[in-house]
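Colleague: Chain by chain, the residues run as shown.
2 protein chains.
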Amino acid sequence: MRDAFHDDLDSIGQTLIDMGQRVGRSMELATTALLTADLHLAEQVISDDDYIDTMQHELDAKTLSLLARQQPVAGDLRTLVTSLRMSADIERMGDMGHHIAKIARMRYPEKAVPPELADTIQEMGNVAKRIIEKTTHVIETRDLQSAVELEVDDDEMDKLHRKLFVTLLDDAWPHGTETAIDMTLLGRYYERCADHAVSVARRVYFLVTGEYASEKEDSF
Amino acid sequence: MRDAFHDDLDSIGQTLIDMGQRVGRSMELATTALLTADLHLAEQVISDDDYIDTMQHELDAKTLSLLARQQPVAGDLRTLVTSLRMSADIERMGDMGHHIAKIARMRYPEKAVPPELADTIQEMGNVAKRIIEKTTHVIETRDLQSAVELEVDDDEMDKLHRKLFVTLLDDAWPHGTETAIDMTLLGRYYERCADHAVSVARRVYFLVTGEYASEKEDSF
Numbered sequence: 001m002r003d004a005f006h007d008d009l010d011s012i013g014q015t016l017i018d019m020g021q022r023v024g025r026s027m028e029l030a031t032t033a034l035l036t037a038d039l040h041l042a043e044q045v046i047s048d049d050d051y052i053d054t055m056q057h058e059l060d061a062k063t064l065s066l067l068a069r070q071q072p073v074a075g076d077l078r079t080l081v082t083s084l085r086m087s088a089d090i091e092r093m094g095d096m097g098h099h100i101a102k103i104a105r106m107r108y109p110e111k112a113v114p115p116e117l118a119d120t121i122q123e124m125g126n127v128a129k130r131i132i133e134k135t136t137h138v139i140e141t142r143d144l145q146s147a148v149e150l151e152v153d154d155d156e157m158d159k160l161h162r163k164l165f166v167t168l169l170d171d172a173w174p175h176g177t178e179t180a181i182d183m184t185l186l187g188r189y190y191e192r193c194a195d196h197a198v199s200v201a202r203r204v205y206f207l208v209t210g211e212y213a214s215e216k217e218d219s220f
Numbered sequence: 001m002r003d004a005f006h007d008d009l010d011s012i013g014q015t016l017i018d019m020g021q022r023v024g025r026s027m028e029l030a031t032t033a034l035l036t037a038d039l040h041l042a043e044q045v046i047s048d049d050d051y052i053d054t055m056q057h058e059l060d061a062k063t064l065s066l067l068a069r070q071q072p073v074a075g076d077l078r079t080l081v082t083s084l085r086m087s088a089d090i091e092r093m094g095d096m097g098h099h100i101a102k103i104a105r106m107r108y109p110e111k112a113v114p115p116e117l118a119d120t121i122q123e124m125g126n127v128a129k130r131i132i133e134k135t136t137h138v139i140e141t142r143d144l145q146s147a148v149e150l151e152v153d154d155d156e157m158d159k160l161h162r163k164l165f166v167t168l169l170d171d172a173w174p175h176g177t178e179t180a181i182d183m184t185l186l187g188r189y190y191e192r193c194a195d196h197a198v199s200v201a202r203r204v205y206f207l208v209t210g211e212y213a214s215e216k217e218d219s220f
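Going down the list, the sequences are from chains A and B. For the first sequence, position 174 (counting from the first letter as 1) is numbered 174 according to this note's numbering, and the numbering increases by one without interruption. For the second sequence, position 86 (counting from the first letter as 1) is numbered 86 according to this note's numbering, and the numbering increases by one without interruption.
What the hints contain is simulated information worked out from the structure, not anything from laboratory work. Some hints could be false.
A pair counts as met if it fits within one copy or between any two copies, since identical chains are not told apart.
Here are the simulated DSS-like pairs of lysine-lysine, each with C-alpha atoms no more than 30 Å apart in a straight line [said to hold, decoys possible]:
#, residue 1, residue 2
1, Lys-111, Lys-159
2, Lys-129, Lys-62
3, Lys-129, Lys-159
4, Lys-163, Lys-111
5, Lys-62, Lys-111
6, Lys-163, Lys-62
7, Lys-163, Lys-129
8, Lys-129, Lys-111
9, Lys-159, Lys-62
Please read all numbers here as calculations on a predicted model, not as lab measurements.
Construct all of the structure, not just a fragment, from the sequences and the given hints.
Modeller: Dropping the structure here:
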């Protein structure tokens with residue numbers, strides 16, 4: 001009986017990894033859809049997010065059922081409770097990709113991002129993808145060094161976010177309010193995605209060490 | 001022993017209610033601080049949020065300890081797991097008040113909100129306060145009718161959010177990009193606060209009925 005239970009625990013961990021990989025891919029595709037005005041890709045990201053939501057519902061149902069049936073103690077209990085919280089963060093990271101894809105779709109056939117911000121947004125997309133991949137690696141390996149490194153990547157995201165605002169606030173900004181609104185929301189989506197990924201890594205850190213990694217408030 | 005356990009469950013419920021009331025008050029003060037450029041109030045909201053964060057940490061530690069020590073089953077288990085999720089939502093609602101207060105502080109001694117948007121922001125603040133109060137009532141009474149009504153209040157928030165964008169996108173918008181960015185973020189904060197409150201009410205609905213209330217994706 002305990003063996004079947006530990007198989008179930010492993011399968012929950014594997015589903016979290018699968019969700020993380022899927023969200024990382026979605027975020028990459030969302031950035032490409034945004035920067036190239038690719039409607040087909042945007043639609044794909046939006047429907048992939050439904051699938052990620054379903055994965056989360058099924059995973060949570062399974063986790064709750066294990067909690068109820070198996071009455072786990074100590075480390076196993078902590079693993080299950082932490083899984084519920086990680087799945088919520090990962091699902092929310094998927095929502096951010098969805099939101100980005102919706103901006104791409106809303107502005108199609110135009111490109112939502114003006115040329116002078118394309119590099120910054122591409123970098124934010126790259127950092128988001130890297131953070132998600134590292135987070136997924138942290139879930140898989142419980143590598144605390146990578147968990148700590150993620151804070152540095154998150155600082156890079158914050159820097160890019162500030163750079164975005166500096167461009168928007170330049171007196172010479174020629175693209176009007178609509179584009180400023182889009183860029184403000186995009187900046188927030190990438191930044192929140194990174195925040196949730198860091199939150200997942202912190203949960204793994206707590207799971208392994210029983211201590212909280214240092215916390216940092218999100219920058220807005 | 002079981003009696004002490006149920007006292008603990010009651011006390012967890014009471015802390016969630018206290019957190020909800022505190023967040024409702026913070027959101028009201030944040031809106032006032034924003035619309036009147038009241039630096040003192042803004043600072044108060046920001047430091048209140050630290051207190052709310054501490055309440056959540058302590059509540060979660062208590063909940064996890066009960067899960068580990070008492071091995072609750074069925075309804076009690078569901079109550080504890082749901083409490084963990086509700087506390088996360090309520091803490092996040094507090095963050096939104098904090099973010100709003102930070103915009104008030106950043107623009108002080110100027111008013112962050114231009115006159116033509118003051119009514120819309122005040123209404124968003126009113127709806128947020130009403131939604132938080134109703135959510136707190138739902139936690140306290142498990143009144144499913146109020147839980148369902150919250151979806152209507154949330155629709156009102158979405159309408160106000162759209163109205164905000166219509167004003168921003170008017171060709172005659174005279175306030176420049178910086179104010180447009182502030183208003184975009186403010187709109188998002190109020191809307192996310194309402195989303196989290198609705199999420200709490202849905203969790204109560206699930207706790208009581210074992211079924212999910214209909215879901216609606218957040219509008220951005």
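Colleague: Hint by hint, say whether it matches the structure.
Modeller: Hints and how they fare:
When the C-alpha separation of Lys-111 and Lys-159 is checked against a cutoff of 30 Å, the pair qualifies both within a copy, at 24 Å, and between copies, at 27 Å. Proximity of Lys-129 to Lys-62 under the C-alpha cut-off of 30 Å is restricted to the intra-copy arrangement: shortest distance 28 Å within a copy versus 35 Å between copies. In this assembly of identical chains, Lys-129 and Lys-159 lie within 30 Å of each other by CA distance solely inside one copy; the values are 16 Å within and 33 Å between copies. Taking identical chains as interchangeable, the C-alpha atoms of Lys-163 and Lys-111 lie at most 30 Å apart whether they share a chain (20 Å) or sit on different chains (25 Å).
For a Cα distance limit of 30 Å, the shortest separation of Lys-62 from Lys-111 qualifies neither inside one copy, at 41 Å, nor across copies, at 50 Å. Taking CA atoms no more than 30 Å apart as the test, Lys-163 paired with Lys-62 passes in neither setting, with 43 Å inside one copy and 41 Å between copies. In this assembly of identical chains, Lys-163 and Lys-129 lie within 30 Å of each other by CA distance solely inside one copy; the values are 19 Å within and 34 Å between copies. Within a single copy, Lys-129 and Lys-111 get their C-alpha atoms as close as 21 Å, which meets the 30 Å cut-off; across copies the closest is 38 Å, which misses it.
Taking the shortest alpha-carbon separations for Lys-159 and Lys-62, neither the intra-copy value of 39 Å nor the inter-copy value of 37 Å comes in at or below 30 Å.
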